[in-house]
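Peer 1: If you read the sequences in order, they're chains A and B. The first sequence begins at 1 in the UniProt record's numbering and counts up one residue at a time. The second sequence begins at 1 in the UniProt record's numbering and counts up one residue at a time.
Errors might be hidden in some of the hints.
As the list claims (entries may be wrong) - Cβ pair distances, simulated, as ranges:
{"#": "1", "chain 1": "A", "residue 1": "540", "chain 2": "B", "residue 2": "307", "range": "54 to 64 Å"}
{"#": "2", "chain 1": "A", "residue 1": "273", "chain 2": "B", "residue 2": "465", "range": "43 to 53 Å"}
{"#": "3", "chain 1": "B", "residue 1": "353", "chain 2": "A", "residue 2": "470", "range": "34 to 44 Å"}
Simulated from the structure, these hints should not be mistaken for laboratory data. All C-beta atoms, glycine included, are put in the ideal place defined by N, C-alpha and C.
Protein chains: 2
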Amino acid sequence: MKYFIFSILLLHLNLISAQQNLIKYVKPIIGSEKMGHTYPGATVPFGAVQLSPETDTISYELNGKYNGDVYKYCAGYKYEDKTIVGFSHTHLSGTGHSDLGDFLVMPTQGKLQLNPGTASDTKSGYRSAFSHSNEISEAGYYKVKLDDHAIIAEMTATTRVGMHQYTFPKSDESHIILDLMAGIYNYDEKNVWTYIRVVNDSLITGYRQTNGWARTRTVYFAMSFSKPFANYGQKNYDTKQSYRGFWRKFDESKNFPEIAGKKIRMYFDFKTEEAEKIKIKFALSSVSQENALENMQSEIKDWNFEKVKTDAQKLWNDELNKIKIEASEDNKKNFYTAMYHTFINPTAYTDVNGQYKGLDQDTHTANGFTNYSTFSLWDTYRALHPFFNIIQPSRNNDMIKSMMAHYKQSALHMLPIWSHYSNDNWCMSGYHSVSVIADAIIKGVYNGDPNEALDACVATAKHRNYEGIGTYMDLGFIPDEKSGTSVSNTLEYAYDDWCIAQLAKKLDRQEIYEEFIKRSSNWKNNFNPTTGFMQPKLANGTFKSNFDAMTTHGQGFIEGNSWNYSFFVPHNPTELIAKMGGKSAFSDRLDTLFSMHLPDSFFAETEDITREGIIGGYVHGNEPAHHVAYFYNWTNEPWKTQYQVRKIMKMQYKPTPNGLGGNDDCGQMSAWYIFSSLGFYPVAPGSTEYAIGSPLVNNAVLTLENGKMFTIEVLNQKDKNVYVQKIVLNGKPLPTLFINHNDITAGGKLTFYMGSKPKK
Amino acid sequence: MKYFIFSILLLHLNLISAQQNLIKYVKPIIGSEKMGHTYPGATVPFGAVQLSPETDTISYELNGKYNGDVYKYCAGYKYEDKTIVGFSHTHLSGTGHSDLGDFLVMPTQGKLQLNPGTASDTKSGYRSAFSHSNEISEAGYYKVKLDDHAIIAEMTATTRVGMHQYTFPKSDESHIILDLMAGIYNYDEKNVWTYIRVVNDSLITGYRQTNGWARTRTVYFAMSFSKPFANYGQKNYDTKQSYRGFWRKFDESKNFPEIAGKKIRMYFDFKTEEAEKIKIKFALSSVSQENALENMQSEIKDWNFEKVKTDAQKLWNDELNKIKIEASEDNKKNFYTAMYHTFINPTAYTDVNGQYKGLDQDTHTANGFTNYSTFSLWDTYRALHPFFNIIQPSRNNDMIKSMMAHYKQSALHMLPIWSHYSNDNWCMSGYHSVSVIADAIIKGVYNGDPNEALDACVATAKHRNYEGIGTYMDLGFIPDEKSGTSVSNTLEYAYDDWCIAQLAKKLDRQEIYEEFIKRSSNWKNNFNPTTGFMQPKLANGTFKSNFDAMTTHGQGFIEGNSWNYSFFVPHNPTELIAKMGGKSAFSDRLDTLFSMHLPDSFFAETEDITREGIIGGYVHGNEPAHHVAYFYNWTNEPWKTQYQVRKIMKMQYKPTPNGLGGNDDCGQMSAWYIFSSLGFYPVAPGSTEYAIGSPLVNNAVLTLENGKMFTIEVLNQKDKNVYVQKIVLNGKPLPTLFINHNDITAGGKLTFYMGSKPKK
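Could you build the full structure based on these sequences and the hints that come with them?
Peer 2: Right, dumping it as structure tokens:
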């Protein structure tokens, strides 16, 4: 007994001690195989640069053909591949649609080749074979040996600058390729324009403009070499170049410093000694070359690669130390890699001088906040932003300010749907900015004007000509004739409307509250009491015939069939349960979801997930049912939540390259995991309530920005002890299976007593 | 006699009186037919906006075909045409290559048509027939009736804003088209990108990016309507648009405010009453939409079209009043239209807040000067900039500051060759910035650092990999094997080098002086004493065989054959005369040039001029021989200069649409006329000396910026009295046929006594 107490004390000391080395648990390679769509390269928390290898890119042309496998290469890198094309500076983490891949750099030696070549014959181009045994992927650091060129490539980053370090063999023909044709997207006209200026023999600047998932996007850069290049040159692969023939006064192919065109590849020649290192600093800006250069000069002052790496890893370790856990090695890997993945997006989109390019394509200055981009809100409103409200409130505050800036710059007068580098790509359904905003304001995280924010939410929710909102407002649902995703839209709008109502209530804006609390019950209009399912309705008010609850497409849904989506009333489970026949029937129905057998046709049409991303009929690899396992808490069988969430954590998250069962979706999958590991989950952001699940950690200490600590202690934790027997909050038994946000931010201790049998 | 004296007094009083209405003599339509390549629309002196009708544009697609007649439509408007396509905001004046034509606006009524239609069937599109009888073209004002739509179109401008006024008939279907596909250039991929933002129901902003003669060019705009549009919409004609299908959440064709793409046409719908006027303010910026809006708000505060027009015409009148002449009505029209054309280019390229886009594509601020673009220097160094040194010294000072800014922003570290909207199009030969700079510094016009300017000249002249400079420096000439224009290049470099030498001498930079005075005699290396002609030389030092002095192409020249170009030693006629066999032989040779008969093959290959642009073998419509008529002054027959220049003025300049015998070339042709009309000409800019010709005016008073007045009095002026009998400067007979720049800037009076017989 004495020993036990001593251990607890030791543990506690350990958890609150200065800092642990936690980055050793981060395995960026997790999710890089199959469906996770994560990337293994170097970035810092919320960094604007994601410097990562690409094993294939979409936008390059090879023998007149484009690689059409856009979906596979959303993150540029597939663990399954055997060759690396190069290292580019921007990547989306875990998305199901592709873009970015800007400024592909590749070191080579021997005969200069400007085309990437094929994976089956690396000698046909500049690409190289590589082996995972020669690859190191850490938070803030990536290293690989490029077999074809006998070059060691290393990379690290600051917020706005990627740093490369290439160790060359002795060669009179060492090269660094800068491929400005390369990019990630499935459209051969993605490259709109490229401009490059060779300032001197070791600095170039320029910009690249693309028409990809982000429609109108410009990225400026500054690229500095640690060693002057001996020669440089370029080739323009555009077959339809402007007529300038008569006035070509220069040989523009070699050592010509003012380059512009649509499809440019550049090279830089060096003579290298054995093991000579050539380093590159590559800075980005959304505003100007000048700003890119300022970003570079501010963030990396010299050529000390090790220092930049150490600093990057310290930034990561600082972030990771905000939650110290005790858990198995594998669970620590899963947990800290999940934290790593939640701290990648959104990404900083402000230069060091505060400037950024707004949605209106003009330059703005972010006064008193960091502007962010890459808001995959349909995914991330669920758990990522709620997680930030606990562990990154300052950043989430800035993210809401970024959304408000987007709103003010929007000619549509709308909050972002999917904020994407000075664009909205309007991807997926709902207007979930309002959930993020309401949740943050209700939880006291936003320090801007809450009434202005509410007005922005209302304006967005009343934008009649956006995706059926007009008919939704008129009829209370979207007729199937008007939209292929009428049901999921109506359900998501209803939830978002509830968020607006909650915010209006808090701000004492009674009229808005009443309007939106009424709208929030619109989910009922798609509920068919006869079948017990959410179903598409026709304009005449009748349900569409030939309903199939197993099928997504053509049935009014997106990324989830009616079996999953019928549970999408996160803001009113009580009434949903009543509609579905009461607690017992509801619980049985959840059981069926988690145990049903799916036909093969289901897998054929389901996007973004592997077969392993599904448990019974429950699709964890997509987001619409992420809250569903927690719904047992509203029934008389809450232990089934405990059972299911532990099962999901075990089945869907593994510390291996193929460890994610679906797209990580800019951190949403990972945020689900973190919440669930800690034992609770925000079923309805906009509410301050978290539903209790079954913690996976043995213990956890959250260090909050307000200086408070919140400890989660799990007693009798074992693999088979998934059932919660008792919960004590700050010494008092928890009366329900819910805790409040204030319980966490006030600091304190939540103790779980676990057992192998349900506590009925 | 008393009456005569009284008349003279009256005349003098008239000439120096407060202000005359001189814009009535300006006929912008002069040169708009055939080869002049001028435009008839509205602009202010050196304005950034040139709002002018287009009778056809190059870059629009019609039934899958492009109008290939790029050369014809350099200025967008051809007097010969019967239809107008629309009114765009940027035009080059008098060039022989095409670009610009940004933001074509066209008012229509009736059925909406978004394609321009054909000239032969105006009903097939939005274009309209028009008649010159319903057309008014004035300095700063243009008006035309669009017959197909029964709409009166009027336009005027400020420096950075074009103002339209359309008088509609009563119609429920009135439209204003904004065609963002239209543009002037011969390349169907000119449009790189377009972005438009509908800010509200009467304001849109955006930008247009092109790859034309200027390779990398972006023009931002703000467009404000005096009346809110009822509806608006767009069509994207790009057949290869980015994949965005699934995420099209809006009907983007109508009332959708965030538009982007390569080939966009927009429309704005109105309901109009009979004679209702809809006005548009259309502002440009090279920097941002925000700046365009600021330009608009600063320059036109309300909707008073008449006031803007009055202000524009006052600006013109102020400029024109700097030279008051007495002459025949026709000669006044020619003279003031020439002044008008000389004050169009270069164009202001700075926003009201001082910002502009530099050659490096970054935003810069012009501190203490107006930044200018559109420097057609191969043309304009000859007479336009020397004219500015007399009559626009402040602006020429700013122009040189603009050139220096260009130099500092140039990755090539070169002064401009042809400065073109943040680009250098490197058109034509030589590096004539150095002539403009040397001339201005030597004449005391430049208030920047002259040594820095000299360094920029030297760096440019030593840029070895530009257009044969390397071999020119090594061999003293450019081998024919290296360049198709080896002889004209060598000749022009030699003259430019002499300018550098003159500047170095003034600045006491002895080493530079010696180096460049030596280089300035390189013209001798292409002079073949056997033939007496400038001829292409091979790398082995021998002259190329099959020489043909009548032919330009393939003979080492550009825009001038050896007959014309062999006289291109403006800086050293004395030695050229010696080489060519002495004064008498030289004089005979000039006679031959002016009287020879040309074969038809000559006209087939000669660009930029009409058959009328040629006198004998002397090509006035192109520039290389512009100084040649003045060369008789160095012989014993100077009266032949007097005869020839009067003949050239009479034959080459007429107050009619087809009145210019060649491209006006951004004012060079006009500047030649102004100098010659006043009786003198700068044969070798860089020297302070002007060669005397034969004035066409009766009298002229130049009001200089330093407050001094310089009067040219011509006694016994008649059409046939082309010969100068005597010249008196400030009461003293002029000892030579040359006057000095200082004679002019000091103020005073130059009296010509004319007669019908040569004064031998």
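Peer 1: State for each hint whether it applies.
Peer 2: Here is what the structure says about each hint:
1. 540(A) - 307(B): 54 to 64 Å: 59 Å, holds
2. 273(A) - 465(B): 43 to 53 Å: Between residue 273(A) and residue 465(B), where Cβ atoms are some 30 Å apart, the hint is violated.
3. 353(B) - 470(A): 34 to 44 Å: 41 Å, holds
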